[in-house]
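Protein chains in written order, with our numbering: chain Y, 2 to 391; chain H, 108 to 204; chain X, 19 to 341.
Don't read these hints as lab results, they were simulated from the structure. Take these hints with a grain of salt, some might be off.
Straight-line C-alpha distance at most 20 Å; calculated EDC-like pairs for lysine to aspartate or glutamate [stated by the list, open to error]:
1. H/Lys117 - Y/Glu215
2. H/Lys117 - Y/Glu157
3. H/Lys167 - X/Glu49
4. H/Lys114 - Y/Glu215
5. H/Lys117 - Y/Asp156
6. X/Lys129 - Y/Asp184
7. X/Lys44 - H/Asp171
8. H/Lys112 - Y/Glu219
9. Y/Lys221 - Y/Glu303
10. H/Lys153 - X/Glu49
11. Y/Lys203 - X/Glu49
12. H/Lys168 - X/Glu45
13. H/Lys194 - X/Asp265
14. H/Lys167 - X/Glu45
15. H/Lys117 - Y/Glu90
16. Y/Lys221 - H/Asp171
17. X/Lys129 - Y/Asp50
18. Y/Lys185 - Y/Glu374
19. X/Lys124 - Y/Glu127
20. Y/Lys248 - Y/Glu157
21. H/Lys200 - X/Asp263
22. H/Lys112 - Y/Asp189
23. Y/Lys203 - H/Glu127
24. X/Lys44 - H/Asp175
25. H/Lys114 - Y/Asp226
26. X/Lys129 - Y/Asp226
27. H/Lys114 - Y/Glu219
28. H/Lys117 - Y/Asp226
29. H/Lys153 - X/Glu45
30. X/Lys129 - Y/Asp189
31. Y/Lys203 - X/Glu134
32. X/Lys124 - Y/Asp189
33. H/Lys168 - X/Glu202
34. X/Lys124 - Y/Asp50
35. X/Lys129 - Y/Glu48
36. H/Lys117 - Y/Asp50
37. H/Lys200 - X/Asp265
38. X/Lys129 - Y/Glu42
39. H/Lys194 - X/Asp263
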Amino acid sequence: MKRVGLNGNYATAYAVKMADVDVVAAYPITPQTAIVEKLSEFVANGELDAEYINVESEHSAISACVGASLTGARVFTATSAQGLAYMHEVLFMASALRTPIVMANVNRALSAPLNIWNDHSDAMAERDSGWIQLWATNAQEAFDVTVEAFRIAEDESVQLPVMVNFDGYLVSHTYEPVMLPDDKEVKDYIPSRPMANRLSPKLAYSTGVVGPPEYYYEMKYQAIDAMERSRQRIREIDAEFNSRFGKNYGCIQTYLMDDADYAMIIMGSLTGTAKVVADALRARGEKAGVVSVRWFRPFPGEELSKALKGIKGVGVVDRAVTPGGPSSPLFTDVASALYQTGERPVLQGFVAGLGGRDVSTAEFEMMFRTIKEAMNECRARPSIYVGLRG
Amino acid sequence: MSKQKLKSWKEIPMGGTVTEPGSSVQFDVQSWRTFRPVQDKKRCTKCGMCWIFCPEGAIKKNADGTFDIDLTYCKGCGICNRACAVKAITMVKERTQ
Amino acid sequence: MQGEAQHIRRVEGVKRKMSTVYRSIKELPAEEYLAPGHRLCAGCTAATAIRQILKAAGENTVVVSATGCVEVATSFFPQSAWRVPWVHIAFENAAAVASGIESAMKALYRKRKTQERINVIALGGDGGTFDIGLQALSGAMERGQDFLYICYDNEAYMNTGIQRSSATPCYAATTTCPPGKLSEGQKTEKKDLVAIALAHNIPYAATACPSYPIDLMNKVRKGLDVEGPALLHVLTPCPTGWRFDIDLGIDIGRLAVMTGLWPLYEAVNGVTRLTVPVPRREPVSRYLGGQGRFKHLKEEDVAAIQKRSDLLAAKFGLGPVRS
Numbered sequence: 002m003k004r005v006g007l008n009g010n011y012a013t014a015y016a017v018k019m020a021d022v023d024v025v026a027a028y029p030i031t032p033q034t035a036i037v038e039k040l041s042e043f044v045a046n047g048e049l050d051a052e053y054i055n056v057e058s059e060h061s062a063i064s065a066c067v068g069a070s071l072t073g074a075r076v077f078t079a080t081s082a083q084g085l086a087y088m089h090e091v092l093f094m095a096s097a098l099r100t101p102i103v104m105a106n107v108n109r110a111l112s113a114p115l116n117i118w119n120d121h122s123d124a125m126a127e128r129d130s131g132w133i134q135l136w137a138t139n140a141q142e143a144f145d146v147t148v149e150a151f152r153i154a155e156d157e158s159v160q161l162p163v164m165v166n167f168d169g170y171l172v173s174h175t176y177e178p179v180m181l182p183d184d185k186e187v188k189d190y191i192p193s194r195p196m197a198n199r200l201s202p203k204l205a206y207s208t209g210v211v212g213p214p215e216y217y218y219e220m221k222y223q224a225i226d227a228m229e230r231s232r233q234r235i236r237e238i239d240a241e242f243n244s245r246f247g248k249n250y251g252c253i254q255t256y257l258m259d260d261a262d263y264a265m266i267i268m269g270s271l272t273g274t275a276k277v278v279a280d281a282l283r284a285r286g287e288k289a290g291v292v293s294v295r296w297f298r299p300f301p302g303e304e305l306s307k308a309l310k311g312i313k314g315v316g317v318v319d320r321a322v323t324p325g326g327p328s329s330p331l332f333t334d335v336a337s338a339l340y341q342t343g344e345r346p347v348l349q350g351f352v353a354g355l356g357g358r359d360v361s362t363a364e365f366e367m368m369f370r371t372i373k374e375a376m377n378e379c380r381a382r383p384s385i386y387v388g389l390r391g
Numbered sequence: 108m109s110k111q112k113l114k115s116w117k118e119i120p121m122g123g124t125v126t127e128p129g130s131s132v133q134f135d136v137q138s139w140r141t142f143r144p145v146q147d148k149k150r151c152t153k154c155g156m157c158w159i160f161c162p163e164g165a166i167k168k169n170a171d172g173t174f175d176i177d178l179t180y181c182k183g184c185g186i187c188n189r190a191c192a193v194k195a196i197t198m199v200k201e202r203t204q
Numbered sequence: 019m020q021g022e023a024q025h026i027r028r029v030e031g032v033k034r035k036m037s038t039v040y041r042s043i044k045e046l047p048a049e050e051y052l053a054p055g056h057r058l059c060a061g062c063t064a065a066t067a068i069r070q071i072l073k074a075a076g077e078n079t080v081v082v083s084a085t086g087c088v089e090v091a092t093s094f095f096p097q098s099a100w101r102v103p104w105v106h107i108a109f110e111n112a113a114a115v116a117s118g119i120e121s122a123m124k125a126l127y128r129k130r131k132t133q134e135r136i137n138v139i140a141l142g143g144d145g146g147t148f149d150i151g152l153q154a155l156s157g158a159m160e161r162g163q164d165f166l167y168i169c170y171d172n173e174a175y176m177n178t179g180i181q182r183s184s185a186t187p188c189y190a191a192t193t194t195c196p197p198g199k200l201s202e203g204q205k206t207e208k209k210d211l212v213a214i215a216l217a218h219n220i221p222y223a224a225t226a227c228p229s230y231p232i233d234l235m236n237k238v239r240k241g242l243d244v245e246g247p248a249l250l251h252v253l254t255p256c257p258t259g260w261r262f263d264i265d266l267g268i269d270i271g272r273l274a275v276m277t278g279l280w281p282l283y284e285a286v287n288g289v290t291r292l293t294v295p296v297p298r299r300e301p302v303s304r305y306l307g308g309q310g311r312f313k314h315l316k317e318e319d320v321a322a323i324q325k326r327s328d329l330l331a332a333k334f335g336l337g338p339v340r341s
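Based on the provided sequences and hints, a complete structural model is requested.
Here it is in structure tokens:
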């Protein structure tokens, strides 16, 4: 174990290096570019033995990854916002064709207007793509989740691509102390074993065929089933990671929830601010709690419901919007999960931090206060757009 | 085409992959024909033009250099008839059922 | 017998030099790597071209298809006409997918020696190459990826019902550039794909036509042989879209070459050489007259097309028009 000052981007690059990937498809986009830059240094110096493809667009980046993955190679690419959106059609193909690609998505707001700063609109736009979506809230987690991602993706019963999300600038560019395990420890955890070559002349398989109406449904269901079954495997893989590397990761992260009266559900790096404010509230006798969602797909509905059992007031902080929808993406999934398990707290929605807008501790105090008030009045207010001028 | 029982989602290979190369041989295309090629093997010079131009690969090359048109796979396009310089292939209208 | 697959020996992939140069039809390999029973139209010369291409490439070949006629008609689950490993991902990315495959094979061979490199062929129609696929093709060529890109050109988006592409020749009728009171069909001349490819400094590029099988198959082998990107632009006349009888596809391909409109040449390291000489050109009217997509042409349109043939003749050293 080594303690190194790294930002989220570099931490991810180190994880990919230690994972000994075979192919990297690289295209620059702020704020992920440093990941592919660091990887190109590793390759140029012989520290990572991989074919580094300087693709000419993100669509080609993910296409090259799909092709490479089908030969049994371990592959990686990274992107953000517009790049992820450009990959959109191929994301659905990657999951349906069961390619275990690992991709870092450094969360950035989707244009228009052009905005290079952080929000979750890019990942939310791909929630139906069939990718496993995991969320890291700091540089250490960016490293850890990326390492796990290879294990999860390549697991024989999973075989689904994994998107590792972390906030642009807030995590990608902020230096923190990161505990890096030894190379050997990581290679033991995610050994480079030969994976099936689905393009072998010995087999002469045809992949990516036409699936007419009498077959499309069943073929799509395979991927749905794989995503459902992945819950158990990801739980087991988290547990193994925790025991090997001394962590405590799960599908959600609970903070001060044991005796909480009211709680805030949140995703991404704002988790940190929420915890700081929850501490301050506790010091004043307020029983606030925080639940940070770590798995977004598959969505941990049951675990979330369990964590919220008996809690009468819950707020959900979204960093993305669904114009015209009944609520914003995270709120919608939370509400749907709670409805299915029978939990009925007062559910208060917030939209905050769009386009990299800072969310202050004062605004978090306001949010917690609003959750408490809504709980006491037994009635949620319409979604609050935190910090909106006018 | 033989009526096959449709596979369940568990039976379909992962990702909808077709694991049997060339399984298109099970698909009936001969019913597409309006005309059918008829070979006159005595005229054939074994030049191979019919064989190399056939879009279907329905013409088999034998070890002795002769060619056999496999009507199972022939769509009746007539390219072989056009390609043959010595009129060893003629196109004959398929009989109606 | 229906359902009986051909027995084909399979070996682990090896990228080896293809030293054989075919000189006669008799030398051409007998194995069929495109199985019959595919759903391409009766008389489709693209099908003929694929058969020839795969014979030349052999069993140690992975084919990446772009969306289009060939892809859809050969891969209708649960049937596939391919007897080599085959993959289709999307419309515009055959060259990108091929890049990933090629790079992965390089990496895996170097790192683990568990599998050897095999031929990589990216196959796209004119729509998937000239238009939506041009970016990915350009990127793959610029990067020097080791693969052969083959464009089978039926001069329109045929799979979706004959819409124009940037490979549709001037004056041709398609459903999105129909002749009418105010229009004479396609307004612009088709792009020069080989010239675009050569602008990327690739070691090998060539034109071909299934009407000339030995020429086409030798070019496939040369393209696969070079280290780096190679491009083969194949004219594949389409009875459905060009409106001619289904038995005439090979003849029309021959006329395209003999009128000088489709010169068969290759460029080795940028140096061009005509591979099928045309000592006496047929007048273009012989080629145009047999195709319904040109039936609306006026005299001056035919003259303009004859001029194009004259320019190509001057460029490639083709003979005069026979009187």
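So, going through the hints one by one against the coordinates:
Restraint check: the Cα-Cα separation between H/Lys117 and Y/Glu215 comes to about 14 Å, which is no more than 20 Å; the hinted pair holds. Note on H/Lys117 and Y/Glu157: the hinted pairing holds, with a Cα-Cα distance of about 15 Å set against a maximum of 20 Å. Note on H/Lys167 and X/Glu49: the hinted pairing holds, with a Cα-Cα distance of about 10 Å set against a maximum of 20 Å. Annotation: proposed proximity of H/Lys114 to Y/Glu215 holds, straight-line Cα distance about 9 Å (limit 20 Å).
A distance of roughly 18 Å separates the Cα atoms of H/Lys117 and Y/Asp156; the hinted pair therefore holds under the 20 Å criterion. For the hint linking X/Lys129 to Y/Asp184, the alpha-carbon distance of about 17 Å falls within 20 Å, and the restraint holds. For the given pair, X/Lys44 sits about 11 Å from H/Asp171 by alpha-carbon distance, which is consistent with the 20 Å threshold. Note on H/Lys112 and Y/Glu219: the hinted pairing holds, with a Cα-Cα distance of about 14 Å set against a maximum of 20 Å.
Annotation: proposed proximity of Y/Lys221 to Y/Glu303 is violated, straight-line Cα distance about 24 Å (limit 20 Å). Taken as a hint, the H/Lys153 and X/Glu49 pair is honoured in the structure, with Cα atoms around 17 Å apart against an allowance of 20 Å. At roughly 16 Å between alpha-carbon atoms, Y/Lys203 and X/Glu49 fall within 20 Å of each other, so this suggested pair holds. A hinted pair counts as satisfied when its Cα atoms are at most 20 Å apart, and H/Lys168 with X/Glu45 qualifies at roughly 12 Å.
Restraint check for H/Lys194 and X/Asp265: the C-alpha separation of about 14 Å stays at or below 20 Å, so the hint holds. Taking the CA atoms of H/Lys167 and X/Glu45, the gap is about 15 Å. The hint holds against a cut of 20 Å. Between H/Lys117 and Y/Glu90 the alpha-carbon distance is near 25 Å, which puts this suggested pair outside the 20 Å criterion. The hinted pair formed by Y/Lys221 and H/Asp171 fails the criterion: a straight-line CA distance of about 49 Å is larger than 20 Å.
For a cut-off of 20 Å, the pair hint linking X/Lys129 to Y/Asp50 stands: about 8 Å separates their Cα positions. Taking the CA atoms of Y/Lys185 and Y/Glu374, the gap is about 52 Å. The hint is violated against a cut of 20 Å. Taken as a hint, the X/Lys124 and Y/Glu127 pair is broken in the structure, with Cα atoms around 32 Å apart against an allowance of 20 Å. For the hint linking Y/Lys248 to Y/Glu157, the alpha-carbon distance of about 24 Å lies beyond 20 Å, and the restraint is violated.
Of the pairs offered as hints, the one joining H/Lys200 and X/Asp263 holds, with about 15 Å between alpha carbons and a cut-off of 20 Å not exceeded. Between H/Lys112 and Y/Asp189, the direct Cα distance comes to roughly 45 Å. Violation of the 20 Å bound is thereby established for this hinted pair. With a C-alpha separation of about 11 Å, the suggested pairing of Y/Lys203 with H/Glu127 holds against the 20 Å cut-off. Of the supplied pair hints, the one linking X/Lys44 and H/Asp175 holds, its CA atoms being roughly 15 Å apart against a limit of 20 Å.
At roughly 16 Å between alpha-carbon atoms, H/Lys114 and Y/Asp226 fall within 20 Å of each other, so this suggested pair holds. Proximity of X/Lys129 to Y/Asp226 is assessed by CA-CA distance (about 34 Å); at most 20 Å being required, the pair is judged violated. The suggested pairing of H/Lys114 with Y/Glu219 holds, with an alpha-carbon distance near 9 Å, which does not exceed 20 Å. As the CA atoms of H/Lys117 and Y/Asp226 are separated by approximately 10 Å, the hinted pair is consistent with the 20 Å bound.
Between H/Lys153 and X/Glu45 the alpha-carbon distance is near 13 Å, which keeps this suggested pair within the 20 Å criterion. A C-alpha spacing of about 18 Å is found between X/Lys129 and Y/Asp189, which places the hinted pair at or below 20 Å, so the restraint holds. Taken as a hint, the Y/Lys203 and X/Glu134 pair is honoured in the structure, with Cα atoms around 12 Å apart against an allowance of 20 Å. With a C-alpha separation of about 24 Å, the suggested pair X/Lys124 and Y/Asp189 falls outside the 20 Å cut-off, and the hint is violated.
Proximity of H/Lys168 to X/Glu202 is assessed by CA-CA distance (about 46 Å); at most 20 Å being required, the pair is judged violated. Between X/Lys124 and Y/Asp50 the CA atoms are separated by roughly 11 Å; this keeps the pair inside 20 Å, and the hint holds. Distance restraint check for X/Lys129 and Y/Glu48: the Cα-Cα separation of roughly 13 Å lies within the 20 Å cut-off, and the hinted pair is therefore satisfied. Between H/Lys117 and Y/Asp50 the CA atoms are separated by roughly 38 Å; this puts the pair beyond 20 Å, and the hint is violated.
Taking the CA atoms of H/Lys200 and X/Asp265, the gap is near 14 Å; set against the 20 Å cutoff, the hint holds. A distance of roughly 19 Å separates the Cα atoms of X/Lys129 and Y/Glu42; the hinted pair therefore holds under the 20 Å criterion. Between H/Lys194 and X/Asp263 the CA atoms are separated by roughly 19 Å; this keeps the pair inside 20 Å, and the hint holds.
In this structure, the hints that do not hold are numbers 9, 15, 16, 18, 19, 20, 22, 26, 32, 33 and 36, in rising order.
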